[in-house]
Amino acid sequence: MSAILIFLAGLASIIIWWMAQQRLTSKPWLESARASDIFPVTRSQIPTVKIGLGVFLAVVGALFTLFISAYFMRMGLQDWWAIPLPGVLWVNTAALVVSSIALEMAKSSAQQNDANAMRIALLASFVTAIGFLAGQLFAWHELVSEGYVLADNPANSFFYLITGMHGLHILGGLLVLSRTTFNVWQGEPPKEARLSIELCAMYWHFMLIVWLVIFALFAGWANDFVDICRQLLT
Amino acid sequence: MVNIPSSINDPIPAAEVEDVELYHPHSWWTTYVFSQDAKVIAIQYSLTAISIGLVALVLSWLMRLQLAFPGVFTFIDADRYYQFITMHGMIMVIYLLTALFLGGFGNYLIPLMLGARDMVFPYANMLSYWIYLLAVLVLVAGFFAPGGPTGAGWTLYPPQAILSGTPGGQDWGIILMLSSLILFIIGFTMGGLNYVVTVLQGRARGMTLMRMPLTIWGIFTATVMALLAFPALFVASVMMLFDRVLGTSFFMPAIVEMGTQLQHGGGSPILFQHLFWFFGHPEVYIVALPAFGIVSDLISVHARKNIFGYRMMVWAMVIIGALSFVVWAHHMYVSGMNPNFGFFFATTTLIIAVPTAIKVYNWVLTLWRGDIHLTIPMLFALGFIVTFVNGGLTGLFLGNVVVDVPLSDTMFVVAHFHMVMGVAPIMVIFGAIYHWYPKITGRMLDETMGRIHFWVTFLGAYLIFFPMHYLGLLGAPRRYYELGESVVNPPSAHDLNIFITMMALTVGAAQVLFLFNAAWSLRHGKDAGGNPWRATTLEWQTPTTPPPHGNFGKELPVVYRWAYDYSVPGAPEDFIPQNEPDPENRSREHAS
Chain A
1 MSAILIFLAG
11 LASIIIWWMA
21 QQRLTSKPWL
31 ESARASDIFP
41 VTRSQIPTVK
51 IGLGVFLAVV
61 GALFTLFISA
71 YFMRMGLQDW
81 WAIPLPGVLW
91 VNTAALVVSS
101 IALEMAKSSA
111 QQNDANAMRI
121 ALLASFVTAI
131 GFLAGQLFAW
141 HELVSEGYVL
151 ADNPANSFFY
161 LITGMHGLHI
171 LGGLLVLSRT
181 TFNVWQGEPP
191 KEARLSIELC
201 AMYWHFMLIV
211 WLVIFALFAG
221 WANDFVDICR
231 QLLT
Chain B
1001 MVNIPSSIND
1011 PIPAAEVEDV
1021 ELYHPHSWWT
1031 TYVFSQDAKV
1041 IAIQYSLTAI
1051 SIGLVALVLS
1061 WLMRLQLAFP
1071 GVFTFIDADR
1081 YYQFITMHGM
1091 IMVIYLLTAL
1101 FLGGFGNYLI
1111 PLMLGARDMV
1121 FPYANMLSYW
1131 IYLLAVLVLV
1141 AGFFAPGGPT
1151 GAGWTLYPPQ
1161 AILSGTPGGQ
1171 DWGIILMLSS
1181 LILFIIGFTM
1191 GGLNYVVTVL
1201 QGRARGMTLM
1211 RMPLTIWGIF
1221 TATVMALLAF
1231 PALFVASVMM
1241 LFDRVLGTSF
1251 FMPAIVEMGT
1261 QLQHGGGSPI
1271 LFQHLFWFFG
1281 HPEVYIVALP
1291 AFGIVSDLIS
1301 VHARKNIFGY
1311 RMMVWAMVII
1321 GALSFVVWAH
1331 HMYVSGMNPN
1341 FGFFFATTTL
1351 IIAVPTAIKV
1361 YNWVLTLWRG
1371 DIHLTIPMLF
1381 ALGFIVTFVN
1391 GGLTGLFLGN
1401 VVVDVPLSDT
1411 MFVVAHFHMV
1421 MGVAPIMVIF
1431 GAIYHWYPKI
1441 TGRMLDETMG
1451 RIHFWVTFLG
1461 AYLIFFPMHY
1471 LGLLGAPRRY
1481 YELGESVVNP
1491 PSAHDLNIFI
1501 TMMALTVGAA
1511 QVLFLFNAAW
1521 SLRHGKDAGG
1531 NPWRATTLEW
1541 QTPTTPPPHG
1551 NFGKELPVVY
1561 RWAYDYSVPG
1571 APEDFIPQNE
1581 PDPENRSREH
1591 AS
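As you go down the protein sequences, you meet chains A and B in turn.
In terms of this note's numbering, the first sequence opens at residue 1 and continues consecutively.
In terms of this note's numbering, the second sequence opens at residue 1001 and continues consecutively.
Hints in this document: simulated from the structure, not taken from any laboratory.
Accuracy of the hints is not assured; some may be wrong.
Straight-line distance between alpha carbons at most 20 Å, and here's what the computed SDA-like set of lysine to any residue pairs gives [stated by the list, open to error]:
{"#": "1", "chain 1": "A", "residue 1": "LYS27", "chain 2": "B", "residue 2": "PHE1308"}
{"#": "2", "chain 1": "A", "residue 1": "LYS27", "chain 2": "B", "residue 2": "ARG1311"}
{"#": "3", "chain 1": "B", "residue 1": "LYS1554", "chain 2": "B", "residue 2": "GLN1541"}
Stretch-level coverage of chain B by chain A, calculated; a stretch enters the list once three of its residues show a Cβ under 8 Å from a Cβ in chain A [unchecked claim]:
{"#": "4", "stretch": "1207 to 1218"}
{"#": "5", "stretch": "1227 to 1238"}
{"#": "6", "stretch": "1274 to 1281"}
Label pairs and their calculated CB-CB ranges [stated by the list, open to error]:
{"#": "7", "chain 1": "B", "residue 1": "TRP1368", "chain 2": "A", "residue 2": "LEU232", "range": "45 to 55 Å"}
{"#": "8", "chain 1": "A", "residue 1": "ALA12", "chain 2": "B", "residue 2": "HIS1373", "range": "50 to 60 Å"}
{"#": "9", "chain 1": "A", "residue 1": "VAL41", "chain 2": "B", "residue 2": "GLU1573", "range": "45 to 55 Å"}
{"#": "10", "chain 1": "B", "residue 1": "VAL1058", "chain 2": "A", "residue 2": "LEU168", "range": "53 to 63 Å"}
{"#": "11", "chain 1": "B", "residue 1": "HIS1024", "chain 2": "A", "residue 2": "ALA82", "range": "56 to 66 Å"}
All C-beta atoms in this analysis are idealised placements derived from N, C-alpha and C, irrespective of residue type, glycine included.
Produce the entire structure from the sequences given, and follow the hints as far as they go.
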């Protein structure tokens, strides 16, 4: 369970940082005000939906970290055989990276009010994301045809479970991204599309990080990293 | 979606916050059924939770009847008994308490107490309820599925949860239970995002965090915890569903059942326990923190005195929330884990008693020399304090490994958690209903019926659970369908069991009186007026009662003070509403 505890510790430091700015040491019983007094601004100027997405990503992060925690604990048992990674996963990773970069470009061109570049970048991001999902399905297919089926070994089970869960999250994001892309191609001006593109980009970068972590996990690098940490600690 | 000024570059002028754009329903369906109004959603959540809670109440009667009169009620066989236990526990903890505190009170009180028109994401809020309802229906479907609901115990420990010896293990029971939990968590996450972000972004002008009523602090902290803890249950449920349906071995070790080797092998049941309790322990505080918050407000209002140690109350909640994530393995002392872990988790468990005790002292000190009105909400609040202290003290016993090991799996544990997590939060729920019913309906609940309800429930609950401690110390095991006559079940203990069952039936009957009162007062209750308790918080300052769509008339309230200005010296009345400014000629430090 150390992975989730580290994740929560990171989250706790963000919460503590935020709380430190909220005047939690004030004495509200002494601070009644008159109608003419100046009021502190009580809400953040970051758009509400963005904060909502941020909170949601914290939940998604906890979810994947818990899967990873379970992975590490189960890996310690005797019947574990690491699963060979199909080469196509590298292509998929590249596709997801491109998708993320394209969304970032869409975001900056929306900020610069460049409607054409924004449209093309969004479409590119949408297409590459679909490419990623198709590639993931292909990787599953390859593994199954080589005989690495779900219930054979816990490493296989975790691979299908975690990549499947990640794929579902990408699919959910795609629904939103497709709406944004559609609206933009229908002629929505950059100024209005900006916020939703920013949200998509935020979600996409996060899912990219999640993917890189679980890719490293299945490739075995994460284990080396954990071993190094352990040696450093002892 | 609520439209709050969204451009990062325009700072909000200090004196003006744009009002929100509200979704306005157009038909009967969107007003009362598929409503996006948090108040309607709150009532939908509450009624659903209470209805399913009544099912769980009846299940507890059936269990008690079996324990008191073994063999008399022939339709309760061992399988049914375990199914009753499981469903009773799961429904009460998750589908009643969590849903009612967060979905019910959270939805009703957050926008009203913060001076907001509605939640920030009303559509997701509506979906949250409908997914919750679906989760409840899937859960109930277990009763009608072949093989009945699961009988694995509310903790659903593998491997037994999905073996054929457990009711529902190889039938539909466990599948429906896990699916229902997964749905519940998805639905809750939608609601939870709303509660958190509304507290962050939906507050009225002047409502700083430290001016929020403690009710909101409790619901807010609990929701943050729930958002982070429920994923653990989600992960555990999905993985067990894989083990059961797809034959994987996340949790399932190699097992020979009835002479056949099962296809599973190598899995770790302890892994499930870690995941389950990583959710399960925070869950205790997910239920307790809103209760703490609500009870603070009830005590302050009905003792006409400001809450003692407001800041300390807030900090204690946050600290309890954080600590509750590092105590989970105290539920696993007997699981055979490393003893060093036991030492660590016993220490954290005892540390968490410190902020909790601070809260109890503060409640008592709020009462000290207050102008105590023994109204029904106050009675329930007092009942809560007593019960919670009682259950908390036995928690200190069980938090120590050496005490827990012999007491684990006895009725002592049952008595402990029913006191602390069953009776105590239920006391707050009743107190809160008697307190806010006038706001929700515009009418008071009947006083006489309320008092009878309180005394029977409070005394009855003690008579049920207090003797159970003795049964536990005697060694009477929990989870047993039938004890027969044995060392741990002498005739005197059996008589005690009969007594407990009689009390359980009596307390249950008192709830019928409560339901009748709630229905009867809807029509015939005394007219409540806008602010019958003369309270300071914003929900009592709405222009009409019950509050209209959009909560506050044309203009949103502006907050000038904290929520606890009761009996302020020199003030014309013994309470000053949060939206009433100080007179212009008074200096700001008058209150010091």
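Indices of hints not satisfied (ascending): 8, 9 and 10
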